[in-house]
Amino acid sequence: MGASIYRNKKPAFVFLIPAFAFMVVFLYYPFFKNIINSFMEIKQLGSSGTGLNTPWYANYVEMFHDEYVWVSLRNTLIMMVVTLVGQVGIAIILALMVDNISRGKQFFKTVFFFPIVISATALGLLFNLLFLYDKGMINQILEMLGKTELTDWKAEGIALFTMMLPVMWQYVGFYFVILITGLNNISDELYEAAEIDGATTWQKVRYISIPLLHNVICTCSVLAVTGALKVFDLPWTMFPKGMPLKSTFLTGTYMYYQTMETKNVDYGSALAVLIVVLGIVLSKVVNAIFKEKDY
Amino acid sequence: MAKKKISIGKTLVYLFLICWSVTTIYPIFWVIENSFKAKDKILANSFVLPFGDLFTLANYRKAFNNLNIFQAYKSSIFISTTVSLAVILLAGMAAYALSRYRFIGSGIINSLVVAAMMFPVFATIIPVFSMEYKWGIANTSSWFLTMLSVILPQVAGNLSFAIVVLMGYIKGLPIELEEAAYMEGCNAFQIYFKVILPLTKPSFATVAIFSFLWSYNDLFTQMFFMRTPDKYAITMLLNQLTSKEGTNYGLMAAAVTLVVVPVIIVYCFLQKYIIKGMTAGAVKG
Chain A
0 MGASIYRNKK
10 PAFVFLIPAF
20 AFMVVFLYYP
30 FFKNIINSFM
40 EIKQLGSSGT
50 GLNTPWYANY
60 VEMFHDEYVW
70 VSLRNTLIMM
80 VVTLVGQVGI
90 AIILALMVDN
100 ISRGKQFFKT
110 VFFFPIVISA
120 TALGLLFNLL
130 FLYDKGMINQ
140 ILEMLGKTEL
150 TDWKAEGIAL
160 FTMMLPVMWQ
170 YVGFYFVILI
180 TGLNNISDEL
190 YEAAEIDGAT
200 TWQKVRYISI
210 PLLHNVICTC
220 SVLAVTGALK
230 VFDLPWTMFP
240 KGMPLKSTFL
250 TGTYMYYQTM
260 ETKNVDYGSA
270 LAVLIVVLGI
280 VLSKVVNAIF
290 KEKDY
Chain E
0 MAKKKISIGK
10 TLVYLFLICW
20 SVTTIYPIFW
30 VIENSFKAKD
40 KILANSFVLP
50 FGDLFTLANY
60 RKAFNNLNIF
70 QAYKSSIFIS
80 TTVSLAVILL
90 AGMAAYALSR
100 YRFIGSGIIN
110 SLVVAAMMFP
120 VFATIIPVFS
130 MEYKWGIANT
140 SSWFLTMLSV
150 ILPQVAGNLS
160 FAIVVLMGYI
170 KGLPIELEEA
180 AYMEGCNAFQ
190 IYFKVILPLT
200 KPSFATVAIF
210 SFLWSYNDLF
220 TQMFFMRTPD
230 KYAITMLLNQ
240 LTSKEGTNYG
250 LMAAAVTLVV
260 VPVIIVYCFL
270 QKYIIKGMTA
280 GAVKG
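Residue numbers (numbering that gives the first Met the number 0), protein chains in the order written: chain A, 0 to 294; chain E, 0 to 284.
One chain only, chain A, in its complex shape (with noise of 0.2 Å):
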């Protein structure tokens, strides 16, 4: 970089003060004035404080003693399970098997991702549609295998289930690219010479493919745990207000439904304080783990 173009920076600044001053103003210092306003109390959407709470902290004393935040607590960490074993377990599986096939790797590619480019929304009302009560398309289904008896899919108990899948089966395709792109990147010559040793495919896969995708598979799972934090188009259309009895809340809806819906404006605050925090927590405990188990 010793070109004598990049002397004078001058220019530098010119280019860089127009994008940094948009991030400073709507990120960096909304981000610190949130952490600021979890300390206070705020009336109103759109108000600024009032003043501190009594005692300053009280927002996150509440927060132990709220029933509905270890609620969305333990759904939000079932979610992040369910990303990782079946986002990520999925994905890793399909791209091993188009991995090995010689036809309809660019078709499976597209037909995979597609779900992803569509609105969150819009798939909520579409599996609406699909988990509706009476001849809802599942039901359907389940009545042609011979159930007699329909399935309410948005009961107590089973709501979770019916909010989950389709969260797992949109991202699926997501990762999947991601993983084919690194099976895509080990080198043919590997694999020719396990060939020539007269390695199998399970034992090309076993010993070479999952070996090297290791840093991979680790960056997948970071994005499915932190991702599991940001899920809130798609549960909040087909359950919103944590629908049914506040069984369904994630953390994101939760703090939203505190904000919008109960008006308890610092509160939500202290609840996005605490996304922050279990975001950065996880993605180190995830990346810790993967780290550990250096092939």
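Derived pair list, reagent style DSS-like, types lysine-lysine, alpha-carbon separation capped at 25 Å:
1. E/275 - A/104
2. A/8 - E/193
3. A/134 - E/40
4. E/275 - E/200
5. A/104 - E/271
Pair ranges (Cβ atoms, derived):
6. E/37 - A/198: 55 to 63 Å
7. E/173 - A/77: 45 to 53 Å
8. E/84 - A/141: 45 to 53 Å
9. A/191 - E/173: 31 to 39 Å
10. A/46 - E/24: 45 to 53 Å
If we take Cβ atoms under 10 Å as the criterion, some of the chain A residues that face chain E in the derived model are:
11. 36
12. 89
13. 107
14. 115
Calculated directly from the structure, the hints in this document are not laboratory data.
Predicted model only: the values in this text are computed from it and were never measured.
Glycine included, C-beta positions come from ideal geometry on N, C-alpha and C.
For this one, chain A is given, so just place chain E on it according to the hints.
Structure of chain E alone, referenced to chain A:
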């Protein structure tokens, strides 16, 4: 014998892959197909294709008459186009400066960009709302200001990812071209617009498509800033549909179709860029 064994395995693999493909395609096909049936016929004949007597456009007529669907399209396209243009404009310049200039604090700025990708929208939305409310752009009756209030936070949310993706690309460009332009007497701005921009086009396309789709599909920001039906964008309209017309399945199917089909068509043509854009955005963010 060995050959036969392989072909059985292959068949099973293809079978499994095709099964998963069916789960991604069929539900959407089912909804599209049912949107052409009268709402009382859907439930009884949902797997029958809508030919002959079953076929009707009533749901679409209702969708266009009762829902502000064109207005919503207009809002959505205005927001998403502005967001993606603003993102590539601002991020392109910043990425160029960060990949070519070395100055005191450039390391810090780099890490600030990466750190900004970790901020979830939940953690910034409330202060952003009060800020915009104080400026007088949020919660007003003006269509343009409402759009602007959604656009601003969405631009900020996409900037850091865009900067990282574009930096990765600009760093790989040979510096000799810029040196040649410099020898010809170009200044830094001319170099950026005449040398860097044309060479970085594919990356700009990737970033623009990602930002556009992300913004088109995002519901959370819209829920904070769009309060009245005449200003709803597409996702907001769909979201409100559930609470208002929750039992009119024909109308819901038609609305889903109207929103999903344009995206499917665009996806068919641009899938290479879209897949690249969406995954690049997430690997880094």
